[in-house]
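From just these sequences and the hints, can you work out the full model?
Residue numbers (this note's numbering): 1 to 272.
When the alpha-carbon atoms are kept at most 20 Å apart in a straight line, the in silico SDA-like pairs for lysine to any residue are as follows: (1) Lys-227 - Asn-263; (2) Lys-220 - Thr-151; (3) Lys-108 - Tyr-41; (4) Lys-61 - Ala-147; (5) Lys-252 - Val-269; (6) Lys-181 - Ala-195; (7) Lys-212 - Leu-165; (8) Lys-215 - Asn-263; (9) Lys-150 - Val-57; (10) Lys-9 - Arg-100; (11) Lys-179 - Gly-67; (12) Lys-243 - Leu-165; (13) Lys-201 - Ala-189; (14) Lys-134 - Glu-122; (15) Lys-184 - Asn-173; (16) Lys-212 - Thr-151; (17) Lys-227 - Asn-239; (18) Lys-9 - Glu-115; (19) Lys-14 - Phe-46; (20) Lys-212 - Ala-250; (21) Lys-253 - Glu-226; (22) Lys-150 - Phe-230; (23) Lys-24 - Glu-8; (24) Lys-227 - Ala-265; (25) Lys-220 - Gly-255; (26) Lys-262 - Ala-250; (27) Lys-201 - Ile-118; (28) Lys-249 - Gln-175; (29) Lys-179 - Leu-72; (30) Lys-242 - Glu-268; (31) Lys-243 - Gln-175.
Quick caveat, the hints were computed from the structure, so don't treat them as lab data.
Note that this is a predicted model, so its numbers are computed, not measured.
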Amino acid sequence: MEFFSELEKLLSIKNYNDKIAQSKKFINNFYQNNFEFYHNYKIVTFAPSYESFCKVVAPQKVPRRRGFETDLKKATLIHAIVHIEYSAIDLAFDACYRFRNMPIEFYKDWIEVAEDEIRHFEMLNALLNEVGYKYGDIEVHNSLWEAATKTPTLIERMAIVPRWLEANGLDANEQIIDKLKNYKNDEIAIRLIAALEIILKEEIPHVSKGDKWFKWACEKENLDSEKTYFDIVNKIYQNVSKKAHINVKARKKAGFSCSEIKNLARDEVKCD
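Encoded structure:
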């Protein structure tokens, strides 16, 4: 079997149950060293695989996530996170597919990320089903996948997907957990907190892997990594607002320097 051609088939699957099943087989084959690598295999672009079963709308038109008192409110929050995790599976596989002639460790890192994201997706999708909804029942946006289309180079992709989007998730995850603690007698809230705590712990190494390969790419091009990071972020997302909440501990574990963290924060943060 050939690695990139099999990834192309995987990224083209539209049914999410089929994609999860085939992804597990692919990952197992990778760990068993069953692939050959033809790095000259033609690279193509993909439409978001969820377009066939999700209604895609502009980010500002996605239902607001407020409260957790009703099944619909529960589903609105859980569905949004399910969509993030599903998109993250494709983003991890796309990094493997799109960037060629990399050390085998690069492919291993993003296969491991995809494996984690599959587990996160299944965990949250089961909760979504329990409140009477399925993935695709609520509108979603394309912002995560659009980030892939805007980052054709390795250095841009590593800056934006793991070091910007996933790192922002480290901040948001902590805030969601804190809000859910207001529903301490709600069984779904308790289980969602437990799931998010697992995800937060496991997303730190994902960001760290992105940090490693971003700095690897910067070093190869003799670039200052901190300046390059902010240059890329400001190029892709113009007029970026400073962050009101920063998960300093998680970001430091993932490879962010204190100067980067302070540059991202709206208010003064303690980082040493």
